[in-house]
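Novice: These protein sequence lines map, in sequence, to chains A and B. Start counting the first sequence at 1; every next residue gets the next number (this note's numbering). Start counting the second sequence at 1; every next residue gets the next number (this note's numbering).
Simulated from the structure, these hints should not be mistaken for laboratory data. Ideal placement from N, C-alpha and C gives every residue a C-beta, glycine not left out. Watch out, some of these pointers could steer you wrong.
Okay, the calculated bits of chain A under chain B, using three or more residues with CB under 8 Å as the criterion [unchecked claim]:
id: 1; segment: 49-58
id: 2; segment: 108-114
id: 3; segment: 122-128
Here are some, though not all, of the chain B residues that point toward chain A, as calculated from beta-carbon distances under 10 Å [stated by the list, open to error]:
id: 4; residue: Leu-57
id: 5; residue: Met-59
id: 6; residue: Pro-70
id: 7; residue: Val-75
id: 8; residue: Leu-79
id: 9; residue: Val-88
id: 10; residue: Ala-90
id: 11; residue: Gly-99
id: 12; residue: Phe-100
id: 13; residue: Pro-101
id: 14; residue: Ala-103
id: 15; residue: Glu-113
id: 16; residue: Trp-115
id: 17; residue: Thr-137
id: 18; residue: Ser-140
id: 19; residue: Gly-142
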Amino acid sequence: MKTIFSLMLAAFLFVGFTSEKTNQVTVKGKLIDTKCYGMMHDNHTNDHMVKKGDKMMKMPSCATACAGMGIPVGVLEDSKPGNDVHVVIAPAGTFAEHMDKEVRITGEAPYAGSIMPGKVEVKNDKGKWVEVEVAGMM
Amino acid sequence: MSNANAALAQAQSGAVQRYGFTLGCALLGLFLFTGCQSGGQTSDDKAAPVYEEGQSLTMEGTLIDTRCYPLNKDVNRGLDHERPEGFVKACATACANQGFPVAILRGGETDGEVWVLMTVPAVLADYMAEEIRVQGTVRSTGVLIPERVETFSDGEWLTVL
Numbered sequence: 001m002k003t004i005f006s007l008m009l010a011a012f013l014f015v016g017f018t019s020e021k022t023n024q025v026t027v028k029g030k031l032i033d034t035k036c037y038g039m040m041h042d043n044h045t046n047d048h049m050v051k052k053g054d055k056m057m058k059m060p061s062c063a064t065a066c067a068g069m070g071i072p073v074g075v076l077e078d079s080k081p082g083n084d085v086h087v088v089i090a091p092a093g094t095f096a097e098h099m100d101k102e103v104r105i106t107g108e109a110p111y112a113g114s115i116m117p118g119k120v121e122v123k124n125d126k127g128k129w130v131e132v133e134v135a136g137m138m
Numbered sequence: 001m002s003n004a005n006a007a008l009a010q011a012q013s014g015a016v017q018r019y020g021f022t023l024g025c026a027l028l029g030l031f032l033f034t035g036c037q038s039g040g041q042t043s044d045d046k047a048a049p050v051y052e053e054g055q056s057l058t059m060e061g062t063l064i065d066t067r068c069y070p071l072n073k074d075v076n077r078g079l080d081h082e083r084p085e086g087f088v089k090a091c092a093t094a095c096a097n098q099g100f101p102v103a104i105l106r107g108g109e110t111d112g113e114v115w116v117l118m119t120v121p122a123v124l125a126d127y128m129a130e131e132i133r134v135q136g137t138v139r140s141t142g143v144l145i146p147e148r149v150e151t152f153s154d155g156e157w158l159t160v161l
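Pulled out of the complex, with its shape left as it was, chain A reads as follows:
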């Protein structure tokens, strides 16, 4: 009886512990411009190919320009085209200078496919994570 009782107690505590709700998530990948990437998955860098009439034209630093205009930015998970994209719930303009860089964002995910950042880190040229300030963070 003691053994059964102990096992049940352990199982109950385990379930209680694991079912505790925590909305904190961390996503890692590169910062992309959601508009141009949505049109073509090759547009995951800073320079994009965009359609002008019947022709495709190369637009240098397009991601930076789009973020500067306010088009929401996203994190392309593991930087692999085709992977999930998490839209960042923060002003896009504050990310403009970091487009196409590796980022690590920790925060809440109140909506499907989005992340509300609590902490944003960008990998610098030396491969080191550096925290950046974003307006209106939690």
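Go by the hints and put chain B onto chain A.
Specialist: Chain B only, in chain A's frame:
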């Protein structure tokens, strides 16, 4: 006397066993209840509609500010919001102008679907908390690339984007 002691000991042992059994049953019940609760959630998730990238969708709902809505789903689907720093008038408009993505709350209910709109938020700042109709393309579930946004005014839909 020793017989009486033995009987008492046996009775106590029986009581302990019964107590243990009852407690065990109660814990088992609680355990199964907790399991069922989490199982039900998974089942609900599976029942949620699945949307595919590139799919065309048209939906109606309320234009909301994605920054404040999760803080208070009842109040913060309107124009004025309750925030940790206090009650902020015209907060939705301010947030959209600051660049926080906007979304459509499908159906306008607190437990409705939220679809974040991939567009410049400031463009829609003047229409926050209004009823809108969006025609667009699914980027992923919950994320929509709008092609047309309309507001309902004087009995008709007006295109604003």
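Novice: Each hint: holds or not?
Specialist: Do the hints match the structure? See the list:
1. Residue count for the segment 49-58 of chain A with a Cβ under 8 Å from a Cβ of chain B: 0. That is fewer than the three needed, and the coverage hint is violated.
2. Chain B is given as covering the segment 108-114 of chain A, and this holds because 6 residues of the stretch bring a CB closer than 8 Å to a CB of that chain, at least three being needed.
3. With 0 residues having a Cβ less than 8 Å from any Cβ of chain B, the segment 122-128 of chain A misses the three-residue criterion, and the hint is violated.
4. Contact between Leu-57 (chain B) and chain A, as hinted, is not supported at the beta carbon level, the nearest pair being about 14 Å apart and thus beyond 10 Å.
5. Nearest Cβ of chain A to the Cβ of Met-59 (chain B): about 14 Å, over the 10 Å cut. The hint is violated.
6. Proximity of Pro-70 (chain B) to chain A holds as hinted, the smallest CB-CB distance being about 4 Å (cut-off 10 Å).
7. With its C-beta approaching chain A no nearer than about 16 Å, Val-75 (chain B) sits outside the 10 Å limit, and its interface hint is violated.
8. The interface hint given for Leu-79 (chain B) is violated, since its Cβ lies 18 Å from the closest Cβ of chain A, which is over the 10 Å cut-off.
9. Because the closest C-beta pair between Val-88 (chain B) and chain A is about 12 Å apart, greater than 10 Å, the hint is violated.
10. For Ala-90 (chain B), the suggested interface contact is broken, since its CB lies about 16 Å from the closest CB of chain A, more than 10 Å.
11. The criterion of a C-beta within 10 Å of any C-beta in chain A is met by Gly-99 (chain B), whose closest approach is roughly 3 Å, and the hint holds.
12. Annotation: interface hint on Phe-100 (chain B) holds; nearest CB of chain A at approximately 6 Å, less than 10 Å.
13. For Pro-101 (chain B), the shortest C-beta to C-beta distance to chain A is roughly 5 Å, which falls under 10 Å, so the interface hint holds.
14. With 10 Å as the threshold, the beta carbon of Ala-103 (chain B) comes within range of chain A, its nearest partner Cβ sitting at about 7 Å, so the hint holds.
15. Checking Glu-113 (chain B) against chain A: minimum C-beta separation of about 8 Å stays under 10 Å; hint holds.
16. Look at Trp-115 (chain B): its Cβ gets to within about 8 Å of chain A, closer than 10 Å, so that hint holds up.
17. Given the 10 Å rule on beta carbons, the hint for Thr-137 (chain B) holds: about 8 Å separates it from the nearest Cβ of chain A.
18. Here the hint on Ser-140 (chain B) is kept, as its CB sits about 5 Å from the closest CB of chain A, short of 10 Å.
19. At about 3 Å, the closest approach between the beta carbon of Gly-142 (chain B) and any beta carbon in chain A falls short of 10 Å, and the interface hint on this residue holds.
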